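Student: Residue strings, one per chain:
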Amino acid sequence: MAITMHVDIVSAEEAIYSGPAEMLVASAENGDIGILPHHSPLLTMLKPGEVRVVKIGGEPEYYYVSGGMLEVLPHTVTVLADTAMRADSVDEAAAIRAKNEAQQALKDYSSAVDYARAQAELAEAVGQLQTIQRMRKKYGR
Amino acid sequence: MASGKEIRGQIRSVKNTQKITRAMEMVAASKMRKAQDRMSASRPYAQRLRAVAQHISQASPEYHHAYLEEREVKRVGFVVVTSDRGLCGGLNNNLFKLLLGELKRWHDQGVEIDFCPIGQKASMFFRRFGGKVLAQATQLGDAPGIDDVIGVVKVMLDAYDNGEIDRLYVVHNEFVNTMTQKPTVSQLLPVVAEEPDAELSRHPWDYIYEQDAKELLSQILARYIESQVYQGVVENIACEQAARMVAMKSASDNAGNIIEDLQLAYNKARQAAITQELSEIVAGAAAV
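Residue numbers (our numbering), protein chains in the order written: chain A, 79 to 219; chain B, 28 to 315.
Because the hints were derived from the structure by calculation, they are not lab data. Since no wrong hints were added, every one of them can be taken at face value.
Keeping only pairs whose Cα atoms sit at most 20 angstroms apart, straight-line, the calculated EDC-like set for lysine to aspartate or glutamate is:
{"id": "1", "chain 1": "A", "residue 1": "Lys125", "chain 2": "B", "residue 2": "Asp239"}
{"id": "2", "chain 1": "A", "residue 1": "Lys177", "chain 2": "B", "residue 2": "Asp185"}
{"id": "3", "chain 1": "A", "residue 1": "Lys215", "chain 2": "B", "residue 2": "Asp288"}
{"id": "4", "chain 1": "B", "residue 1": "Lys241", "chain 2": "B", "residue 2": "Glu96"}
{"id": "5", "chain 1": "B", "residue 1": "Lys61", "chain 2": "A", "residue 2": "Glu92"}
{"id": "6", "chain 1": "A", "residue 1": "Lys215", "chain 2": "B", "residue 2": "Glu287"}
{"id": "7", "chain 1": "A", "residue 1": "Lys177", "chain 2": "B", "residue 2": "Glu191"}
{"id": "8", "chain 1": "A", "residue 1": "Lys215", "chain 2": "B", "residue 2": "Asp280"}
{"id": "9", "chain 1": "A", "residue 1": "Lys177", "chain 2": "B", "residue 2": "Asp175"}
{"id": "10", "chain 1": "A", "residue 1": "Lys125", "chain 2": "B", "residue 2": "Glu237"}
{"id": "11", "chain 1": "B", "residue 1": "Lys124", "chain 2": "A", "residue 2": "Glu202"}
{"id": "12", "chain 1": "B", "residue 1": "Lys241", "chain 2": "A", "residue 2": "Asp169"}
{"id": "13", "chain 1": "A", "residue 1": "Lys177", "chain 2": "B", "residue 2": "Asp188"}
{"id": "14", "chain 1": "B", "residue 1": "Lys131", "chain 2": "A", "residue 2": "Glu199"}
{"id": "15", "chain 1": "A", "residue 1": "Lys177", "chain 2": "B", "residue 2": "Asp174"}
{"id": "16", "chain 1": "B", "residue 1": "Lys241", "chain 2": "A", "residue 2": "Glu107"}
Non-contacting residues of chain B with respect to chain A, defined by C-beta distances greater than 12 angstroms in every case (computed):
{"id": "17", "residue": "Glu33"}
{"id": "18", "residue": "Ile34"}
{"id": "19", "residue": "Gln37"}
{"id": "20", "residue": "Gln136"}
{"id": "21", "residue": "Leu305"}
Just so you know, these numbers come straight off a predicted model, no measurement behind them. Just so it is clear, CB atoms sit at the ideal spot from N, CA and C, and this is done for glycine as well.
Model the full assembly from the supplied sequences, consistent with the hints where possible.
Tutor: Here's what the structure looks like:
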């Protein structure tokens with residue numbers, strides 16, 4: 079029997095593949111790399127492209143990833159695939175959007191948290207809920 | 028005593044309310060199932076990434092990344108995940124209660140706090156009670172993608188990079204089961220090694236880095252933080268739907284009880300009216 083390693087391909091929103099494999103080929107930043115069992119620990123980013131997993135018996139299976147990361151440990155290989163479009167400019171735009179939203183929503187905020195008021199109002203809300211529960215228990219409803 | 032017609036009107040209106048709460052209960056139940064599926068679908072990524080981050084923090088790298096270094100705490104950041112909508116029992120209130128305790132603790136130590144609300148309820152909370160909000164994301168819907176949290180996480184990471192905050196926490200509800208949701212606080216930055224892998228920590232080792240270690244680690248750790256926040260958001264949605272389902276179920280039950288009581292009152296009123304009419308007729312007949 080051939081020597082195998084454990085391969086996991088996962089994306090942020092779902093698990094794509096998990097199982098033993100004889101070899102894995104992926105397109106890393108600096109060119110395609112093939113990983114065999116007992117490879118030294120390696121960490122690299124992946125370019126958009128295909129990931130080929132050679133399963134036991136030599137049968138290949140192909141997956142497309144739009145970028146991500148590859149972690150290699152002696153007995154396990156993990157491909158962390160990206161699902162979102164990733165580029166610095168895109169990330170920057172998203173960050174600016176998030177900031178703007180905060181500024182718009184909180185035009186007249188004060189930067190000090192009003193602990194006393196927050197606590198008082200929360201206690202009231204929690205108290206109301208507890209009272210309702212107690213009443214329900216008491217009247218058997 | 029209220030007249031029969033009035034009571035009938037009341038019964039009708041309570042019945043309508045009950046219809047609505049029952050529909051909401053069923054919608055929440057089906058949404059909860061989907062949210063749970065999504066939660067378990069995205070869990071492997073978060074776990075694997077967490078493992079990678081753990082390995083990195085355990086390795087003896089040539090380069091020490093700022094995300095792995097503990098530094099003196101002068102300001103902390105909190106990412107607060109809540110639901111967008113209400114009518115879900117004490118879910119958000121319990122979370123805020125826990126948060127306030129944490130805030131108070133930092134406040135007493137003279138540490139200042141920055142916030143990043145995710146969800147309408149958190150945003151409203153800070154609008155009412157104050158707090159320095161750096162970024163926010165609301166209206167994520169039932170099926171948020173990872174790109175929905177990239178922006179806010181980047182703002183917080185930038186703040187950390189620039190030394191504006193020295194620690195980052197995320198607060199969200201943990202899905203224990205349908206009846207129980209537990210608000211939790213977990214530390215995102217600096218990344219802490221929790222359970223050291225015995226085999227890996229036996230002797231010093233390091234990865235081979237294909238490119239610049241600094242660049243690589245920044246990207247990996249940023250994705251790690253994103254996935255942790257995303258996981259929090261997804262889990263919180265499952266919690267929200269579960270809490271709403273339970274709240275709406277008890278609302279429907281309560282409506283049922285009220286209808287019963289009203290029905291009884293209505294029957295009594297009707298009987299009384301009939302009796303009165305009869306006695307009037309009898310009295311009238313006797314007078315003739």
